[in-house]
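Enquirer: Chain by chain, the residues:
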Amino acid sequence: MPDFLLEIGLEEVPARMLASAQAELLRRALAVLAREQLISAEPTAHSYSTPRRLAVLIRDVLTQQPDITEETTGPAIKIAFKEGVATPAAEAFARKSGVAVAELKTISTPKGDYLAATTLKRGRTAAEVLAAELPKEIAAIYWAKNMYWRAGKPERFVRPVLWLACLLGEEVVPLTFAGKTAGRATYGHRVLSSGEPFEIVNPDSYLAQLEGEYVLADVELRRQKIRKALDHVTRTIPRARWREDEALVDAVTHLSEWPDVLLGNFEPAYLELPQEVLVTVMRDHQKYFAVEDANGKLAPHFLTVTNIALTDENAPIIRQGNERVLRARFNDARFFWEFDQRTLLTDRVKLLEHVTFQKDLGSYAEKSERVRTLAGVLAAISISRDALLDAPAIEAAAILAKTDLTTELVKEFTELQGIIGGLYARSQGLPANVAEAIYDQYLPASAGDAIPRSAEGCILGLADRIDTIANMFALGMEPTGSKDPFALRRAANAIVKILAESALPLSLTDVLTASAPTPEVSTKLHTFFSERIDFYLREARGQAYDVVKAVTAIGTDDLRDLVARAEAVTAARGSEDFLAVSAAFKRMKNILTQARAKGDTPPSIVDHDLLLDPAEKLLAITASAAASAIEELQSERNYSEALRVIAALRPSIDDFFDKVMVMVPEDDIRANRLALLNRTLEDLSRIADFSEIVTAG
Amino acid sequence: MPSVVEKKKSLTFQELLFTLQRFWAEHGCVLQQPYDLEIGAGTMSPDTFLRVLGPKPISIAYAQPSRRPADGRYGENPNRLFRHTQLQVILKPPPERVQELYLESLVAIGIDLAQHDIKFEEDNWEWPVGGAWGVGWQVMLDGQEITQFTYFQQCGGMDLDPISGEITYGLERIAQFLQDLDSIYDIVWSRDPVTGRELTYGQVRLHEEQQFSAYSFDYADVPSLWKHLELYEAECLALFARAKQVLVEENTDTLQVLRFPTLGAYELALKCSHTFNLLDARGAISVTERVGVMARIRNLIVGVAKIYAEQGRLTPAA
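Same order as they appear, the protein sequences are chains A and B. Using our numbering, you'd call the opening residue of the first sequence number 1 and step up by one each time. Using our numbering, you'd call the opening residue of the second sequence number 1001 and step up by one each time.
These are calculated hints, taken from the structure and not from any lab test. Computed from a predicted model, the values in this text were never measured in an experiment. You may find that some hints are simply not true.
[To be verified] Below, a sample of chain B positions facing chain A; criterion: calculated Cβ distance under 8 Å:
1. Asn1077
2. Lys1119
3. Glu1121
4. Trp1137
5. Leu1141
6. Asp1142
7. Gly1143
8. Gln1144
9. Gly1157
10. Pro1162
11. Phe1177
12. Asp1186
[What the hints assert, rightly or not] For lysine to aspartate or glutamate, the following EDC-like pairs were computed, each having C-alpha atoms within a straight-line distance of at most 16 Å:
13. Lys145(A) <-> Glu1126(B)
14. Lys1056(B) <-> Glu1310(B)
15. Lys617(A) <-> Asp607(A)
16. Lys225(A) <-> Asp250(A)
17. Lys145(A) <-> Glu1122(B)
18. Lys287(A) <-> Glu244(A)
19. Lys411(A) <-> Asp1071(B)
20. Lys145(A) <-> Asp1123(B)
21. Lys287(A) <-> Glu1122(B)
22. Lys153(A) <-> Asp1161(B)
23. Lys153(A) <-> Asp1159(B)
24. Lys411(A) <-> Asp332(A)
25. Lys586(A) <-> Asp689(A)
26. Lys287(A) <-> Glu1145(B)
27. Lys287(A) <-> Asp1123(B)
28. Lys1227(B) <-> Asp1280(B)
29. Lys145(A) <-> Glu1121(B)
30. Lys359(A) <-> Glu1289(B)
31. Lys180(A) <-> Glu1096(B)
32. Lys121(A) <-> Glu244(A)
33. Lys287(A) <-> Asp1280(B)
34. Lys598(A) <-> Glu666(A)
35. Lys589(A) <-> Asp600(A)
36. Lys589(A) <-> Glu666(A)
37. Lys105(A) <-> Glu91(A)
38. Lys145(A) <-> Glu155(A)
39. Lys549(A) <-> Glu692(A)
A virtual CB, placed ideally from N, CA and C, is assigned to each residue, including glycine.
Given only the sequences and the hints, what does the whole structure look like? Please build it.
Expert: Right under this line is the structure:
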């Protein structure tokens, strides 16, 4: 069976869009082939991309669809024939089926006799199917931003399509998209190849032929080549290594068809600038890799990934150009660094009056004032609970936190906000913990980030974010669906993470209350945060859905406690006894629910004199003993031991259900047994609602 | 570090301009003179902003001195200018393989592509005040951005059909690159063919940078600027009212429609835009005012584009 190849030649596709588009094209091509019965259930398939092309290669495609015999039912016989003569209904059915009336037959059904036709649906050739179906699939590929280019705006795509190549085996499949008809011609590298098209012999030769024209179409091979070259080039500097940066490797992989790596240098004098600034210039602005020495200190070198093979002739020229650009950028940064230092952060506080935070929420000066108050409240609560905190440092950091927005360096490198403020605070002789809190204020920026290093930094981070969230909610600007223009979800995720992972004695309610929301906003905030907490437990902590439900049912206010409970439950659920007890709890809950539905409300106190059966006496004793043991363990947050105590109840619970009938006719005994179940359930459900744990399967 | 570029062979600033203009003229472009008003980018010239509207094909190239009052550095920063020069090429519709054509223009100015690293990196352009945006690239040559390449999609809030391709060369950047210089002011502007005497960019333009930085940051009279802004705006709005009469309400003949001064209204709008930039450089626009003033200018610029499109529709043969 022949192999199938499709290549779409494009003007340079944005690097950030290539990986998903490549995968989507393959998914769509496979879906068409599967739907049209042209491939096996487990096809061998590959996809490729460079900035100038997307391609798929699918092995062993059938050249022809099978013919299909179909039987279709037409009108009832009594309608189809009047006095033995075919009616228009019969003729219409015959026409539709593509046969003569005489070729129709009669079938018997429970509803009577009907006219039927046997038709042969001819399978189409794969070439026909692909030419008809693939253009629709290509057109449907998702692009984050696309464009029109042809007059009359017939289609939108990421960039203009330059050519299409499509082969089934040796044969061209002449599909048409965006005014181009597929052939067998493709193009090599813009500069290294001749610029003339060349013909692809067959799908199998595609990769090798492209490689001959300086295009490495396999993304993973390109990535490996880049990594190897980075290693290789760095080895020329003793004890140096390039600073690992997966996102940057990914970006440069999608920016080149024939990558190579060049080492450049800069004057060591620039190393006096903060390395955060140097690395940002290199990575974010120039896509250069930073180089560090054996101690992790930045070294005066950089690595750039080129889209051309380096030679003795071109390497010095390309190096010189890149070095000059970097020098200019570093000079700018140095100029800004020195210029900014002429105005102290403390003198910049007033300038914040001219920087808008949000049009309805005023300037950053107003925001800073609110954050100062909020941070003060949170600090006071923490101190009242014996936390060691430098409250004046928190206040100073809150006042100065946003002043770096007025600096030239932050205007130039917005991604360094906070960090720049921290660096200036340090170099301007402010206390170390103030500088550090300012530096860390935007942490965690994403799930993978750490929380601020100090308690002061954590409080500042909490206050800044809850101010934004609560005020936005009050303005009705809460996130909806996929829309979250102010990144409030991310801000809330950060609050949850700080509360769960810092040592601050603060609850979620403390933080929400500090922002003084109206009752209506408060309700919305609680709902919003409970989603974020579920998200945190599931995504950051890897907790299963049922465990999250079980532990959050007991309360989500103390986040560290919540995490500890969730982890203990997850650790315990491996034990058979624990699962059995969970199942028993579910049973108790059901019995109580049904009883309540019938008007049987259990009394709050168990009357020990009414306990008749030894099994219920035993349960009453063991459960009550367990309850007091658990209470003590819980106060020590020793949840794993507490769960062991609960699991150890299994024999007495099993015994109870084996021997004792709860819903007996005698009112007093029934009520007392319900009271026992209720008591047991309540006493033992302070860590999690175990009835939520999925036990079957 | 010794330069690996042979400076003597690289083009002077003025040769660079000639060469690019000649290149595009040879590829069918009409060479226009720079627009004689203060504008911040070649895109704002009516030769781009207005002429990309409507169905008529165009190929135009022009150099455009571009003023950005807030970018001035009194001539003290080697890489930043109050006024830089763009070479703007507008191709409506863009020809097939327009990127190759662009690369040929680089060869024409002495860039041997095999000796350099060239990449087209995503960079989309947007001018909210003009209701305009497009998608495209920044062209990177050995790590230096030398050109903005944009496929215009919308202008004045209107979809374009056909679209235009816009190529904007940063001439100072390219000259600096070709001559391997750390400072714009060292660029060789011209070389006397007889004596070989060189004139630098600094000798030609430094005083301008010094004086206009001082004017923008220190001298420009804020109350007067506000007055200018209001006067230009009022006159522009008055023309809008007349446009409504001439183009919509009155039964005017083609000649009257043709003669309606949309271009005059556009100049008034551009004056407002530049005045706004000056006020901004002076730090005279408060947070609360800023959004409002920008909306006023957007109203003018987008308003002109709408009138221009309507005028073109009414006079298709012109």
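Enquirer: Now look at each hint and say whether the structure bears it out.
Expert: Now the hints, each set against the structure:
no.: 1; hint: Asn1077; in the structure: 7 Å, holds
no.: 2; hint: Lys1119; in the structure: 5 Å, holds
no.: 3; hint: Glu1121; in the structure: 7 Å, holds
no.: 4; hint: Trp1137; in the structure: 6 Å, holds
no.: 5; hint: Leu1141; in the structure: 7 Å, holds
no.: 6; hint: Asp1142; in the structure: 3 Å, holds
no.: 7; hint: Gly1143; in the structure: 4 Å, holds
no.: 8; hint: Gln1144; in the structure: 5 Å, holds
no.: 9; hint: Gly1157; in the structure: 16 Å, violated
no.: 10; hint: Pro1162; in the structure: 4 Å, holds
no.: 11; hint: Phe1177; in the structure: 7 Å, holds
no.: 12; hint: Asp1186; in the structure: 12 Å, violated
no.: 13; hint: Lys145(A) <-> Glu1126(B); in the structure: 13 Å, holds
no.: 14; hint: Lys1056(B) <-> Glu1310(B); in the structure: 14 Å, holds
no.: 15; hint: Lys617(A) <-> Asp607(A); in the structure: 11 Å, holds
no.: 16; hint: Lys225(A) <-> Asp250(A); in the structure: 12 Å, holds
no.: 17; hint: Lys145(A) <-> Glu1122(B); in the structure: 11 Å, holds
no.: 18; hint: Lys287(A) <-> Glu244(A); in the structure: 13 Å, holds
no.: 19; hint: Lys411(A) <-> Asp1071(B); in the structure: 13 Å, holds
no.: 20; hint: Lys145(A) <-> Asp1123(B); in the structure: 11 Å, holds
no.: 21; hint: Lys287(A) <-> Glu1122(B); in the structure: 13 Å, holds
no.: 22; hint: Lys153(A) <-> Asp1161(B); in the structure: 7 Å, holds
no.: 23; hint: Lys153(A) <-> Asp1159(B); in the structure: 10 Å, holds
no.: 24; hint: Lys411(A) <-> Asp332(A); in the structure: 12 Å, holds
no.: 25; hint: Lys586(A) <-> Asp689(A); in the structure: 9 Å, holds
no.: 26; hint: Lys287(A) <-> Glu1145(B); in the structure: 13 Å, holds
no.: 27; hint: Lys287(A) <-> Asp1123(B); in the structure: 14 Å, holds
no.: 28; hint: Lys1227(B) <-> Asp1280(B); in the structure: 15 Å, holds
no.: 29; hint: Lys145(A) <-> Glu1121(B); in the structure: 14 Å, holds
no.: 30; hint: Lys359(A) <-> Glu1289(B); in the structure: 11 Å, holds
no.: 31; hint: Lys180(A) <-> Glu1096(B); in the structure: 12 Å, holds
no.: 32; hint: Lys121(A) <-> Glu244(A); in the structure: 58 Å, violated
no.: 33; hint: Lys287(A) <-> Asp1280(B); in the structure: 32 Å, violated
no.: 34; hint: Lys598(A) <-> Glu666(A); in the structure: 15 Å, holds
no.: 35; hint: Lys589(A) <-> Asp600(A); in the structure: 13 Å, holds
no.: 36; hint: Lys589(A) <-> Glu666(A); in the structure: 21 Å, violated
no.: 37; hint: Lys105(A) <-> Glu91(A); in the structure: 13 Å, holds
no.: 38; hint: Lys145(A) <-> Glu155(A); in the structure: 13 Å, holds
no.: 39; hint: Lys549(A) <-> Glu692(A); in the structure: 7 Å, holds
Checked against the numbered hints given earlier, the structure breaks hints 9, 12, 32, 33 and 36 and satisfies all the rest.
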